[in-house]
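As they're listed, the protein sequences go chains A and B. If you count the first sequence from 1, position 224 lands on 224 in the numbering used here, and the numbers rise without skipping. Count along the second sequence from 1, add 1000, and you get the number used in the numbering used here.
The set of hints was computed from the structure by calculation and includes no laboratory data. Be careful, since some hints might not be right.
[As the list claims (entries may be wrong)] To spell it out: a stretch of chain A is covered by chain B in this simulated footprint if at least three of its residues, at any positions, have a beta carbon under 8 Å from a beta carbon of chain B; those stretches are:
#1 13-20
#2 27-33
[Unchecked claim] No farther apart than 20 Å at their CA atoms in a straight line, the calculated lysine-lysine pairs in the PhoX-like style are these:
#3 B:K1317 with A:K160
#4 B:K1002 with B:K1014
#5 B:K1017 with B:K1005
#6 B:K1240 with B:K1086
#7 B:K1102 with A:K129
#8 B:K1057 with B:K1080
Only a predicted model underlies this, so the values are computations on that prediction, with no experimental measurement involved. All residues carry an ideal CB built from backbone N, CA and C; glycine is no exception.
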Amino acid sequence: MFKYIFKRVYQLIIVFFLFLITSYVLFDSIPGNAFQNLLLNPDLPPEAYEQVIKLYGLDKPLSERVFLYIQNFLQGDFGYSYKHYPKTPIELISQRLPRTLMLFAMVNIIAFYTGFLIGKVLAWRRGSKSETWITVTSVFSYTIFYPWFALMMLWFFGYKLDWLPIGKFLYPEKWYDAPFDSDVVFISMIQFTAIVSIIQILVYIYTRNIESLSMRRNARFGSFIIITLASLFYWNTGELLIQKPYAMDIAYHMILPIFTVTVVAFAGTALLTRTTMMEVMKDDFILTARAKGLSQKRIRDRHAARNALLPVVTSFIFTIVTIIDGSVLTETIFSWPGMGQLILQSVLEEDIPVAMASFSFIGVFALVAHFIADISYAYLDPRIRIQSQG
Amino acid sequence: MKNQKNIAKEIRRKAIKKNWRLFRRSKLGMIGLYIVIFFLFLTILQPILFITGVWNKGVYDPVVGYSEQFQEFLVVECPKEYPTEKYDERSDCPGRTEVNIKTLFYSDAQVGETIIQNLQPAPPSRQHILGTDSLGRDVFSQIMEGSQVAFVLGLLSATLGVGISTILGTIAAFFGGRIDAYLMRQSDLVLMLPTLPLLFIISAFAELKIWHLAVVLGIIGGLGGSVITIKSQALQVKVKPFVDSARITGGSRMNILFSHVLPNVAPLALLFMVFSVTGAIASESVLSFLGLLNIDMSWGLMIYLAQVEGFIFSGMKFWWLILPAGLSVTFLTGGFYLVGRGLDEVFNPRLRDR
């Protein structure tokens, strides 16, 4: 087993360097470079352009630049952004990443929870008319042409009904005399959300073993009310009282993107849950549970759904890996200044340091996730385990 | 020998018949199949209409056609403040058969008179079932052209991708060792590259037409995650008793690979193909929606034009520019997805019956 892990890590490192080289060559193969618009300025002599190119080392041959980049990468030096000059890629990413993670973490949690609930009911009602129609609807919300749908939602809620803002992160006019940065407020929002969700999960785990269904429901409802009251108290004390209106502004801008992406994203989970539930429901232990005379609801929730949860959790983990990749389109349409927009802009403007840094960030994320998945597969599946030894 | 061939043919026909019966039993699969057939019909209909001369190419061509839409307009003067008796909002004036005198530069008509003017985009009429766009081109013909693009692109890239991934996945499972390690790391590498930014980069240095895009999407899809899934399926087939018995009776490695392992992986590959058609159509639409492709006409491009020209935020006043293209993408991808679901119920024995 250790030999297998060692071999995998060794391969992983090679793949990562290949990935770095491939991405650098890809960025370099885009015609032109980041400073070409200096040539359009009639006030600047052509020598200035040459000077800038030389300053950033873009006149060196490709192989030398790739080698230099990897050398610097190993020393933890990602260079400076070409377009936002004094800032480093790390600064830019650490500013943008929380926004993307907050938005899509909320979307994924809501989408997976509702999708799991709906899929459970769908599988249980297999063959009925309502099942067919709900499935067809969720298939179309899964395959709907996303940019079009997002624009229609923007038009309907932002323009026609005028309930929600059209894109953007905040209203600038509200922030003119704000005593702090928007990032400060956003980080305290993230802290709050993280604390609340951890408490919620703890409550869920703790009440899971209460046998009576009605008592469990009451316990969960009570804890929900307590959490709501506590969070109201939390936001009305100390420094957070000043931050509250600004936090509300950001939260107000988050509603529409979260809602839109959730509508598209929940259907995938619902369909996956439906399939796995239908597979599980043919197993013998469901028949045994029926024979024991357990109630339908109990069989569905305790016996079938529990066992169908594993593939859903796996797909949840893999969805988290693709968050940044998937955020490009959403953030472009809703003008949400997160990682997706950063990647898109840096690719289009050929800001190679920023693009390389964000690509390698995504790459490390994906590699680690695949590595963990592979190792656990190898551990669980005897066929692969034996093969890796021989 | 000939008799043996006939028996094999008979068995195959019976298997197809049985699978078709199983497929027909799933309602969702049939709904999907009807949707796909409907779009296939639209695809074939357009060339037929052009060849038989029902449609004049100068009027109905999806890219360069032009159709004049003369209509009577009442000249009005829009009020400065809203709401008034006639109009509720600023966007209501001028109405559909009215023209604002302030925007009438080329005519000296007075308020209250009627003038005849060319109207584009024109609403649906008997001549143009789904109206025309702002350049006077027939929207219905554009939808048909878009469905041609979608079918060509989707089927081509899916066939290419699934062909690559089936062959590579089976080879990885069958030979194992170094080849397996190399192929798996290669698909890791492809999976690490974020898809959409990668396509942006490719569209920056290569002129992407439909064929090129199909090849690019096919290769990216074929080298990526599907190799891993097909490999795991092939691993399960490899340990089945009939493969062992083929080996004991002296079948060569190539023979076992092509006549025993590959046919048993094929159902999963077919399933993958149907699902990757969905992905290919969606990526084409996204890329043309962002204006990065060099394609004459497609559904994504229609939405792109509607957005760039500002019709999307005019609401349902110009619904024929917004709804047909978006719904076509949604329905065709949904149709392929449902067909895939139906096939899944046929091939996956655990799903077949309760």
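Okay, the hints, checked on the actual structure:
1. 13-20: With 4 residues close enough to chain B, the hint holds.
2. 27-33: holds (count 4)
3. B:K1317 with A:K160: 12 Å, holds
4. B:K1002 with B:K1014: 19 Å, holds
5. B:K1017 with B:K1005: Holds: K1017 of chain B and K1005 of chain B sit about 18 Å apart, inside 20 Å.
6. B:K1240 with B:K1086: 78 Å, violated
7. B:K1102 with A:K129: Roughly 56 Å between the alpha carbons, so the hint for K1102 of chain B and K129 of chain A is violated.
8. B:K1057 with B:K1080: Violated, at roughly 45 Å.
Hint compliance for this structure: hints 6, 7, 8 are broken, all remaining hints hold.
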